[in-house]
Amino acid sequence: AQSVAQPEDQVNVAEGNPLTVKCTYSVSGNPYLFWYVQYPNRGLQFLLKYITGDNLVKGSYGFEAEFNKSQTSFHLKKPSALVSDSALYFCAVRDQKTSYDKVIFGPGTSLSVIP
Amino acid sequence: SQTIHQWPATLVQPVGSPLSLECTVEGTSNPNLYWYRQAAGRGLQLLFYSVGIGQISSEVPQNLSASRPQDRQFILSSKKLLLSDSGFYLCAWSVQGYTEAFFGQGTRLTVV
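Top line first, the protein sequences correspond to chains A and B. Last residue of the first sequence: number 115 in the working numbering, and the count goes up by one each step with no gaps. Last residue of the second sequence: number 112 in the working numbering, and the count goes up by one each step with no gaps.
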């Protein structure tokens, strides 16, 4: 079965420090992976995606993610966290068993950047 | 550029009343359209998706229905709301293919 796990419910990091939000996946075939961010009472915003190619994907707002096939992981990273990065982060994978673009979302990780 | 509009932003409805939430997309043709519900500020549950006009598929059985009367219009409805229908409803669209989805700003529905 296709699934996405975000093992950390909450991540706290000091402003200026590097941040990592973890994601692992289980899919059959090649994975199509996404990261989204959600601010309070707002819709999700797309950050970045991995379809194929370079394992290090760069996205919006200085975020990047590293695809690791052997560890089935797609961790989100940023070299220097900002207070404004505090939000809810979702990892997602495209369900390749459907004929349409169904995306399975992880449970979300709440990121708090402490001033 | 493409934009997605979803309204209203907030809604308080009594139990047993009808519901109609509307979502429209601009700047693209023949998008995939989705309705999600987010409960307790976390997990996203896919409710409905549509790959074309009049083509609606439901992911989970529920008190809600969806319609796509025009290419870029997606409507979420209910004839009689239940307390359990409360939540944050999100509309989204994507280009057909292996691409990301773009979300509306959401509707906070409270059934009282």
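Among the hints, a few may not be true.
Stated by the list, open to error - Once the Cα atoms are required to be at most 30 Å apart in a straight line, the calculated DSSO-like pairs of lysine-lysine come out as: (1) A:22 / A:69; (2) B:79 / A:102; (3) A:69 / A:58; (4) A:49 / B:80; (5) A:49 / A:22; (6) A:58 / A:102.
Unchecked claim - Cβ pair distances, simulated, as ranges: (7) A:62 / B:3: 32 to 38 Å; (8) A:16 / B:59: 39 to 45 Å; (9) A:107 / B:54: 30 to 36 Å; (10) A:42 / B:22: 32 to 38 Å; (11) A:70 / B:9: 42 to 48 Å; (12) A:10 / B:10: 37 to 43 Å; (13) A:107 / B:17: 29 to 35 Å; (14) A:55 / B:51: 48 to 54 Å.
Stated by the list, open to error - Some but not every residue of chain B turned toward chain A, in silico, with C-beta under 8 Å: (15) 44; (16) 47; (17) 49; (18) 103; (19) 104.
Hints were generated in silico from the structure; no laboratory data involved. For every residue, glycine included, the Cβ atom is placed at its ideal position computed from N, Cα and C.
Checked hints:
This hinted pair checks out: residue 22 (chain A) and residue 69 (chain A) have alpha carbons roughly 14 Å apart, not beyond 30 Å. Distance restraint check for residue 79 (chain B) and residue 102 (chain A): the Cα-Cα separation of roughly 27 Å lies within the 30 Å cut-off, and the hinted pair is therefore satisfied. This hinted pair checks out: residue 69 (chain A) and residue 58 (chain A) have alpha carbons roughly 17 Å apart, not beyond 30 Å. This hinted pair does not check out: residue 49 (chain A) and residue 80 (chain B) have alpha carbons roughly 39 Å apart, beyond 30 Å.
Using a Cα cut-off of 30 Å, the hinted pair residue 49 (chain A) and residue 22 (chain A) holds, with the two alpha carbons roughly 15 Å apart. At roughly 23 Å between alpha-carbon atoms, residue 58 (chain A) and residue 102 (chain A) fall within 30 Å of each other, so this suggested pair holds. The hinted range of 32 to 38 Å is not satisfied by residue 62 (chain A) and residue 3 (chain B), whose Cβ atoms lie roughly 24 Å apart. Residue 16 (chain A) and residue 59 (chain B) have their C-beta atoms about 42 Å apart, which keeps the hinted 39 to 45 Å range intact.
Checked against the hint of 30 to 36 Å, the pair residue 107 (chain A) and residue 54 (chain B) passes, with Cβ atoms roughly 33 Å apart. The hinted window of 32 to 38 Å between residue 42 (chain A) and residue 22 (chain B) is violated, with their beta carbons roughly 18 Å apart. For residue 70 (chain A) and residue 9 (chain B), the Cβ-Cβ distance of about 44 Å falls inside the hinted range of 42 to 48 Å, so the restraint holds. Between residue 10 (chain A) and residue 10 (chain B) the beta carbons are some 27 Å apart, a value that contradicts the proposed interval 37 to 43 Å.
About 31 Å separates the C-beta atoms of residue 107 (chain A) and residue 17 (chain B), a value consistent with the hinted range of 29 to 35 Å. At roughly 31 Å, the beta-carbon separation of residue 55 (chain A) and residue 51 (chain B) lies outside the given 48 to 54 Å, and the hint is violated. Hint status for residue 44 (chain B) relative to chain A: holds, with the closest Cβ pair at about 4 Å, below 8 Å. Proximity of residue 47 (chain B) to chain A is violated relative to the hint, the smallest CB-CB distance being about 12 Å (cut-off 8 Å).
For residue 49 (chain B), the interface hint holds, the least distance from its beta-carbon to any beta-carbon of chain A being 6 Å, beneath 8 Å. Hint status for residue 103 (chain B) relative to chain A: holds, with the closest Cβ pair at about 4 Å, below 8 Å. A cut of 8 Å between beta carbons decides the hint on residue 104 (chain B): the least distance to chain A is about 5 Å, and the hint holds.
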